[in-house]
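Student: Sequence:
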Amino acid sequence: MESLPFFIFFSTLFIQSLHFLSFSADIITPDLPVKDGQTLISVSQSFELGFFSPGTSKYRYVGIWYKKSPETVVWVANRNNPLTDHFGVLTIDNRGNLVLLDQIKNIIWSSKSSSIIAGPVAQLLDSGNLVVRDNGSSRNTESYRWQSFDQPSDTLLPGMKLGWNLKTGQERYLYTWRSISDPSPGDFTYRLDIHGLPQLFIVVGSVKKVRSGPWNGIFFGGTPKVHNSVFEPILVRNEDEIYYTYRLLNNSVCSRLTLNQSGAVERLVMYGQNSGWTTIYSVPVDTCENYGQCGANGICRTRTSPICECLKGFKSIPEEELDIQNFYGSRKCETRLTLDCQSGEGFLKLPGVKLPDLLEFRLNESMNLKECEAECFKNCSCSAFATTNLSGGGDGSGCLMWFGNLIDIREQSGSTIGQDIHIRVPASELEMARSSKRKKMLKTALVASMSALLGIFVSGLVLCISWRKIKRKVGMDRRKEGMEAPLFDLDTIATATNNFAPDSIIGAGGFGSVYKGKLLTGQEIAVKKLSMNSGQGVEEFRNEVVLIAKLQHRNLVGLLGSCIHREERMLIYEYMPNKSLDYFIFGLIPLTHCLFCHISSLSICNVLHVLN
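Residue numbers (mature numbering (1 follows the signal peptide of the UniProt record, and there is no 0)): -20 to -1, 1 to 592.
You may find that some hints are simply not true.
[Said to hold, decoys possible] Below, in silico cross-link-like pairs of lysine-lysine (DSSO-like), each with a Cα-Cα straight-line distance of 30 Å or less:
no., residue 1, residue 2
1, Lys295, Lys358
2, Lys147, Lys85
3, Lys295, Lys188
4, Lys189, Lys85
5, Lys15, Lys38
Think of the hints as simulated: they come from the structure by calculation, not from any bench.
Construct the complete structure from the given sequences, taking the supplied hints into account.
Tutor: What follows is the structure, given as structure tokens:
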């Protein structure tokens, strides 16, 4: 019984410890650090923080990764100062600084918070952001004293900012890992240039390698075209900061933007819980993405060979005259314009391109397209102009004017999105363009006219054929209606005669053959199938049927009907097992003179009766 109080005390302490640990699964406090081998997991179990060794490295780093994809590390704390053993500890001090300590308590890395916090905690959020805040404060972004989103690695997550804090001067950008085993900063960076209109650059040191077009109110020009149900790009511009970010449109999908070791920016998505990452686009996509690939005043087209050519209104500079120190790419083009405005100058629209870099430019976001053209036209050194904002539809709004050389223009392919730019050209180029346009319009009109005539001809031909078929059918129907004897269909007669079997023939002559058959009703019939070589037409056959139908006599074979199928002509008679009058006329039994006279006079009377 003496041990009972101790048991109750330790049980209560154990339960309270479990409760505290479960509550603290996503936070670090001064009393609850994270040691190597332990992890923090965000509330929805989207992200995990802990110690790891990348690739083949034996060094230890503190990082954040996807819980369901542990190999996908999105942030590294001590990227420049790895631990050499497995005794590291990540904790937060009483001033609110996150610190990484080695085995002998040396500080390997620190968040270096600028202000003292009462009751500091570090928390791993479901967004993948590790934040430091006051434990008693509200959990909004204003309460964060430090956050990992302000110190990106090679990955931009939804909600992270790529750009500038204008108050503090802090720039947020991505950098490549040195290698898959070394997360220290590599050669490439991905950053937002806010000079004029924001543009995205992949940079090596201070050298531009790849550039997007300017932000046009909807997207960055020249970026890959995505049938996007995954994310929405967002650009924020205000007096405090300018940055690019994005938000997910489907919470069941994971998406990230990564700058890999080769200097390519990849957009990756994971659609299901157990599916892998899929790359939906990567930049650069081709040679024309290389910055200034075709030099000053040139345009890069992947569909042509060579891929570079001078813009309209510009001409190539001979290779021996090139100043190697002062041009981009493999060639340079110079303008055909003089420095003074000349009569007849104007602008040619170059559609679907990545707009040139903003080197010498003027920006006025309150003008429309017409005002922009007028402003550029009256300034002889204005090389080109374009609108800046396409979010309102139509031709867009705002005015961007370039002066001097035009650098890094490319024709956009079907997989990327381009804009229109208006290039200043001399009168001769305008006239050539107008002449070419007239020829195209004439060719288009000619093709349209020929197509219309062909359509009319085909329609008339179809109408004529249809009319003839209808007319023929009506004629056949009328002829059929004029026959007093019923019409049989071919299938019925073919069935009755066993498909006109040779053993069904009971007679033959120049007119054709006579078949014995039996209808489905059981009635026996004789089918006179006229020869196709008889030369008898439908009208003659009709008259014959009408005449025979009226020449009925008890001593003559009864006509049951007829059959007309295409070129086939058939008469269907009653079958007379005791032979008919023609047997006696042409058969072996001789007729007496009286009987013959009687039959002849009877037939003549019937014929006269019909004719009357």
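Student: Decide, hint by hint, whether the structure agrees.
Tutor: Each hint tested on the structure:
Distance hint between Lys295 and Lys358 is fulfilled; the C-alpha atoms sit about 23 Å from each other, no more than 30 Å. Taking the CA atoms of Lys147 and Lys85, the gap is about 35 Å. The hint is violated against a cut of 30 Å. At roughly 26 Å between alpha-carbon atoms, Lys295 and Lys188 fall within 30 Å of each other, so this suggested pair holds. Straight-line distance between C-alpha atoms of Lys189 and Lys85 comes to about 43 Å, which puts the hinted pair past the 30 Å bound.
With a C-alpha separation of about 17 Å, the suggested pairing of Lys15 with Lys38 holds against the 30 Å cut-off.
In terms of the numbered hints stated before, the structure departs from hints 2, 4, listed from lowest to highest.
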